[in-house]
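Peer 1: Taken in order, these protein sequences are the chains called A and B.
Going letter by letter, the first sequence gives residues 1 to 115 in this note's numbering.
Going letter by letter, the second sequence gives residues 116 to 228 in this note's numbering.
The hints are simulated quantities; they were obtained by calculation from the structure and are not laboratory data.
Errors might be hidden in some of the hints.
[Claimed, not checked] Cross-link-like lysine to aspartate or glutamate pairs, in silico, EDC-like; alpha carbons within 16 Å at most:
(1) 211(B) <-> 96(A)
(2) 188(B) <-> 167(B)
(3) 185(B) <-> 144(B)
(4) 220(B) <-> 144(B)
(5) 193(B) <-> 144(B)
(6) 13(A) <-> 96(A)
(7) 57(A) <-> 214(B)
(8) 211(B) <-> 52(A)
(9) 185(B) <-> 167(B)
[Stated by the list, open to error] Looking from chain A toward chain B, a few residues come up when the C-beta cut is under 10 Å (computed):
(10) 3
(11) 43
(12) 45
(13) 47
(14) 52
(15) 56
(16) 57
(17) 58
(18) 61
(19) 81
Ideal Cβ placement from N, Cα and C applies to all residues, glycine included.
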Amino acid sequence: KAGVTQTPRYLIKTRGQQVTLSCSPISGHRSVSWYQQTPGQGLQFLFEYFSETQRNKGNFPGRFSGRQFSNSRSEMNVSTLELGDSALYLCASSPEGGPGGDTQYFGPGTRLTVL
Amino acid sequence: AQTVTQSQPEMSVQEAETVTLSCTYDTSENNYYLFWYKQPPSRQMILVIRQEAYKQQNATENRFSVNFQKAAKSFSLKISDSQLGDTAMYFCAFMKGNDKIIFGKGTRLHILP
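Could you put the whole structure together from the sequences, leaning on the hints where they help?
Peer 2: Spelled out as structure tokens, the structure:
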């Protein structure tokens, strides 16, 4: 099976712009989670989608949003970019993400730089 | 709220040695899952090993094993016969059911030739 893919791999934006990142989960996986990774804060959970519905949400401002499509592909959007949004954004998928504690499989990430 | 603490920001060991990475967590839950993930330099994060809290037996995957002490809320990772390819950032993580996964800050491990 193909792994989790994320596009684009690198992005450079300027403050105030918006950006959309894409994640394609492993075939058959229905849960997609997004994380922000920075040197200072480490890995922080953004949100999780399951069957096109947001199931869990982290403590990020409303500028960060996401969605999931019927084929389980997911996108996250960041509006009005700030310098502090520069980070590696990781997507992870799992079969169900339910009470069984599914293992999450990570994509390579999208490196976002905000100038 | 659950927290995960990795007290060793960085470690270095010689190739072929055994190294142990520490992780403690705080939770009031009884059923949960613990993970060690590895993130090599500029490469994808991959699962090293997972442990279900209801299992008393420590998980093992080839050269990787854990010491799970539920009462002490400790979950250390032991890497035996370390190899150069083990150089990476290692993250300890906690998950309760279908709730979000919580990561520690990570331990940067250098395997020296």
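Peer 1: Hints first: check each against the structure and report whether it holds.
Peer 2: Each hint tested on the structure:
1. With a C-alpha separation of about 14 Å, the suggested pairing of residue 211(B) with residue 96(A) holds against the 16 Å cut-off.
2. Restraint check for residue 188(B) and residue 167(B): satisfied, since their Cα atoms lie roughly 13 Å apart, inside the 16 Å limit.
3. Between the alpha carbons of residue 185(B) and residue 144(B) the distance comes to roughly 11 Å, so the proposed pair stays at or under 16 Å and holds.
4. Restraint check for residue 220(B) and residue 144(B): the C-alpha separation of about 21 Å exceeds 16 Å, so the hint is violated.
5. Simply put, residue 193(B) and residue 144(B) have alpha-carbon atoms about 25 Å apart, too far for the 16 Å limit, and the pair is violated.
6. Taking the CA atoms of residue 13(A) and residue 96(A), the gap is near 34 Å; set against the 16 Å cutoff, the hint is violated.
7. Between the alpha carbons of residue 57(A) and residue 214(B) the distance comes to roughly 9 Å, so the proposed pair stays at or under 16 Å and holds.
8. Of the pairs offered as hints, the one joining residue 211(B) and residue 52(A) is violated, with about 22 Å between alpha carbons and a cut-off of 16 Å exceeded.
9. Restraint check: the Cα-Cα separation between residue 185(B) and residue 167(B) comes to about 10 Å, which is no more than 16 Å; the hinted pair holds.
10. Here the hint on residue 3(A) is kept, as its CB sits about 8 Å from the closest CB of chain B, short of 10 Å.
11. The closest approach between the C-beta of residue 43(A) and any C-beta of chain B is roughly 4 Å, which is under the 10 Å cut-off, so the hint is satisfied.
12. At a threshold of 10 Å, the smallest CB-CB gap from residue 45(A) to chain B is about 4 Å, leaving the interface hint in force.
13. Interface hint status for residue 47(A): upheld, as the beta-carbon distance to the closest one in chain B is roughly 9 Å, under 10 Å.
14. The restraint placing residue 52(A) at the interface with chain B is violated, with a minimum CB-CB distance near 16 Å, outside the 10 Å limit.
15. Evaluation of the residue 56(A) hint against chain B yields a held restraint, the C-beta minimum of about 5 Å falling below 10 Å.
16. With 10 Å as the threshold, the beta carbon of residue 57(A) comes within range of chain B, its nearest partner Cβ sitting at about 8 Å, so the hint holds.
17. A distance limit of 10 Å between C-beta atoms decides the matter here; for residue 58(A) the minimum to chain B is near 7 Å, and the interface restraint holds.
18. A distance limit of 10 Å between C-beta atoms decides the matter here; for residue 61(A) the minimum to chain B is near 17 Å, and the interface restraint is violated.
19. Because the smallest distance between the Cβ of residue 81(A) and any Cβ of chain B comes to about 24 Å, over 10 Å, the interface hint for this residue is violated.
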